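J.: Letter by letter, the chains look like this.
4 protein chains.
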Amino acid sequence: MKIAFIGIGNMGLPMAINLKKASLDPTVFDLSVKAKDAAAKEGLKVATSAEDAIKEADVLITMLPASQHVEDLYNGSILKNAGKHCLLIDCSTIAPDAARRVQKSASALGFAMVDAPVSGGTGAATAGTLTFMVGGEKTTFEKAKPILEKMGKKIFHAGPSGCGQVAKVCNNMLLAIHMIGTSEALSLGKALGLDSKTLSEIMLQSSGRNWSLEVYNPQPGVMENVPASRDYTGGFGVQLMCKDLGLAAEAALGTKSRIPLGELARNLYEMHRSQGWAEKDFSSIIKLIHAEP
Amino acid sequence: MKIAFIGIGNMGLPMAINLKKASLDPTVFDLSVKAKDAAAKEGLKVATSAEDAIKEADVLITMLPASQHVEDLYNGSILKNAGKHCLLIDCSTIAPDAARRVQKSASALGFAMVDAPVSGGTGAATAGTLTFMVGGEKTTFEKAKPILEKMGKKIFHAGPSGCGQVAKVCNNMLLAIHMIGTSEALSLGKALGLDSKTLSEIMLQSSGRNWSLEVYNPQPGVMENVPASRDYTGGFGVQLMCKDLGLAAEAALGTKSRIPLGELARNLYEMHRSQGWAEKDFSSIIKLIHAEP
Amino acid sequence: MKIAFIGIGNMGLPMAINLKKASLDPTVFDLSVKAKDAAAKEGLKVATSAEDAIKEADVLITMLPASQHVEDLYNGSILKNAGKHCLLIDCSTIAPDAARRVQKSASALGFAMVDAPVSGGTGAATAGTLTFMVGGEKTTFEKAKPILEKMGKKIFHAGPSGCGQVAKVCNNMLLAIHMIGTSEALSLGKALGLDSKTLSEIMLQSSGRNWSLEVYNPQPGVMENVPASRDYTGGFGVQLMCKDLGLAAEAALGTKSRIPLGELARNLYEMHRSQGWAEKDFSSIIKLIHAEP
Amino acid sequence: MKIAFIGIGNMGLPMAINLKKASLDPTVFDLSVKAKDAAAKEGLKVATSAEDAIKEADVLITMLPASQHVEDLYNGSILKNAGKHCLLIDCSTIAPDAARRVQKSASALGFAMVDAPVSGGTGAATAGTLTFMVGGEKTTFEKAKPILEKMGKKIFHAGPSGCGQVAKVCNNMLLAIHMIGTSEALSLGKALGLDSKTLSEIMLQSSGRNWSLEVYNPQPGVMENVPASRDYTGGFGVQLMCKDLGLAAEAALGTKSRIPLGELARNLYEMHRSQGWAEKDFSSIIKLIHAEP
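Protein sequences, first through last, are from chains A, B, C and D.
Numbers in this note's numbering are just positions in the first sequence, counted from 1, shifted up by 17.
Numbers in this note's numbering are just positions in the second sequence, counted from 1, shifted up by 17.
Numbers in this note's numbering are just positions in the third sequence, counted from 1, shifted up by 17.
Numbers in this note's numbering are just positions in the fourth sequence, counted from 1, shifted up by 17.
Keep in mind that the hints were calculated from the coordinates and are not lab data.
Small disclaimer: the values here were computed from a predicted structure and weren't measured.
Any given hint could be a false lead.
Since the list gives no way to pick one copy over another, a pair counts as held whenever it fits inside one copy or between any two copies.
Using 20 Å as the maximum straight-line C-alpha spacing, the simulated EDC-like pairs for lysine to aspartate or glutamate come out as follows [unchecked claim]: (1) Lys160 - Asp89; (2) Lys273 - Asp212; (3) Lys260 - Asp114; (4) Lys207 - Glu231; (5) Lys53 - Asp69; (6) Lys38 - Asp248; (7) Lys207 - Glu267; (8) Lys51 - Asp114; (9) Lys155 - Glu218; (10) Lys38 - Glu88; (11) Lys155 - Asp69; (12) Lys171 - Glu231; (13) Lys214 - Glu154; (14) Lys19 - Glu218; (15) Lys171 - Asp212; (16) Lys19 - Asp75; (17) Lys260 - Glu159; (18) Lys207 - Asp114; (19) Lys304 - Glu241; (20) Lys170 - Glu218; (21) Lys171 - Glu154; (22) Lys19 - Glu68; (23) Lys97 - Glu267; (24) Lys38 - Asp69; (25) Lys37 - Glu218; (26) Lys62 - Glu88; (27) Lys160 - Asp248.
In isolation and in its complexed conformation, chain A is listed as follows (with noise of 0.2 Å):
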């Protein structure tokens, strides 16, 4: 079986290493020279371009930065370039109904394709523990899934073309939510004379528990090895956050869906990293909601 990969950037190379590791030497390529030369150095086969990546392909992978160079690759390239048998497995976070649009090609020429969007950023994509929730019919998710399994631990099914997406982008306004609902309730608790560490315990076994709570508490001192406790670097940055939450709003407009506490907190994120939070990990808000020391 030949894999093809496109797309090494920071989460796209630890993943075609996975898949190297698991004797699944992918053939890669991307468009930066610098991620080129990255991939070389790791001992893996470098196409000299797109085509060339994909022309043998039985399986190929796409992890890209936007819903704009995906629908741009997959129709200006892939879908004309691609063997009919070749699976095709879209791993970038993008819009839905980008997905859907670009899925709904691929169908009309033959093509069996998955949205597979990844939660768990670039640590877990080096360790091989990424989750995907993924879109598409059922006997596809069947052929994607052990191949993603070489990637990643957790390996979804949310529902047919784009659900992968939907998963992805509801997912991380959630997180968004209970993220800044954690700093609120931690700095108003503080400024209230309660100890953030005491508050924490008492939360994490009470109703307000959430995954910011158990394992990425934003209050430095608390938790031990998680970015608040490094200044905030190391994690999933600011920036990636805003972009989840602009999907997660485009999504909302195109369905007139009411997502109140989700776009304020698109607005709140931001805000943030227009005053210099970008590349900061994204429980830094902490800071725009408590700016005192």
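Since the structure of chain A is already known, use the hints to place chains B, C and D on it.
T.: The following block gives chains B, C and D in isolation, referenced to the frame of chain A:
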């Protein structure tokens, strides 16, 4: 040890019954004749007045509706009529500032007192599985703990005077936020074609995880034995959540704190209440987010 | 000078009638048979197809529901069938990005085009007192102006291509914000015992002053001849405001802008719409804020 | 007629000076030595204590920082030391509830009293062009009016006791909302390529019109002689707006009112304050919305 219990409504009565079951046979009182009749029917000793209940008590427990009732009862009667050795335990949910004022007055007169608001609702009150969040001196907390253990399962010492209230108010604000956030995520997912049960399962195993998803899913049909599965009856009422969010907002005003999601949650819950949902369970907020069938 | 007018619904029809009154006898077209019949009854010349309307036109005016309709009609027909000398005026309210894409295509083919969305509603369309916010080259604006003056009173040149749409979307977002703000102020005042008429008069002469207070008071009984005085009928519909707030949010997403009040306004209006108020005037939002009688 | 004036800070001093200019030579007092020195330098009669100022007064005017100061001074001294014929005028901006409590106590002792908060800032205080919003009996209002006219231009009777405060708090909340809304509209327009001056002119003549656009544009370079044109100095400070929005939120809590935009405005202004803008003019909020240059 003689225990007096004042305020035997929906919460106070089952709590007093649990004390009786633990052979701590309390003398109870309430201004409501109906409440006193219900207590008598349960075999509880009913005092003829608050003073009558208090006068020989070694421990006094109060469970009252709001700050004003607590301040009036303590300043107007308890601090005048109780013996100085009497341990004072206020289980009402009130403003941290009010709790601190009362505790300061009590302390100035030589009383030991804690604020000990509960979470868990009438179900946990009956089952004796309440959570108590306690504020006050460590030594007073240690004295109150064995008594509270007759009525609850988790007994936290949150910090000095008022910190029980602070913990409660912060926890419940966070609860409201992730309940609305969960409702938004499920609603957005549904609008985009994703089944609520599947999305709930995925988010439960991902970073969106929170208590609402774990044990209290707001979407009918996803979980059994939750208020959403019985037309939002029998849980924690919308108007009680409004009360707690009001206390959170009041505390934020007093400390100039920022709780943007918390105050928006307050407004959304007040809107929901004013549209006829006051008595329904607070997870019914999904109906405000997602009005269409 | 021959004028073609495509899209003769609630807004387009009275606009076309005003052109006829000014002796600029337009040839009109619409996909809806009902709309064509209504136009014929008014004595307007009705074309048999869009192409038929366009073919000999010196000026083409379009008034369509949304971005997609405009892109489809211009790319699918107008830019192929119109004479190159034909001045293109799109009066639809659409996304600034969509307006710019269409204008770019038109320009590449040698057409002069402006985006010229209107404000004022059906009343102003009938009275010929619309406001036009125009985007495009100054010289094209000057050519369009005398024609627009037959249908409106204020004709603004907002800037280059798309800026008419930008001005419209920004203005209407601000309108929604001060309408909700005014509703909150009147509602809070009322709850605190202050008569809405008195409060309106005071704020009108103070720093709270805004267009909603001046000419469109949302509280029934304060002003005569406004939608609030006739059960919120006959004004600018809630669903139209939802559309404009959706365009504002879409524009904010594309530019990573922060519009916290604007997006909250969108969510509140969508809530209101989903609760059965779609067809009522947008000042009825006070009923969402103040549900009790 | 003898007038006493207590509280001669930034606002009180120029108000007292205007009384003196009108030959109503007031006796003034303040706890701050600095304030008393400044008053003496202006030729005002300075009393040695509040009691000294009050004792022979026919009219007493107070201008104090917050609810607590007013309650303490009236209950602790004024209501005990003033003659029963003395007309009491409180010009402080405080919670409507607090104003009503004080006025109730005053009334019970036979005093005639009004709450008469001002708007207009130090500039209007100096120029004698303040707006007074007055709550109290109509006959008391009529007695106070000629005195207030020496310090202000518009004197409104808002309604019974406390209604002056209600009008003030509602007006200023609405002001904050349209100032932020105007900032959002200008910021979004700019991001989409629309010049702020042009957009301001268009919205001023359209339905987005409001006081912020008319006389207080927040974007530097659009208007001369506004705080935005002088680095946001010399206007109505961010921390004063925070205070007023806090009073609005407090009033909303007490009445279970929904003010979603008002409370979000409070949070945004508190964020802005906490990031170092406390002393700057409130129109600087555009910098929170639009951080980039």
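J.: Hints numbered earlier in the text: which of these fail when held up against the supplied structure?
T.: Failing hints, ascending: 1, 6, 8, 10, 11, 14, 17, 23, 24, 25, 26 and 27.
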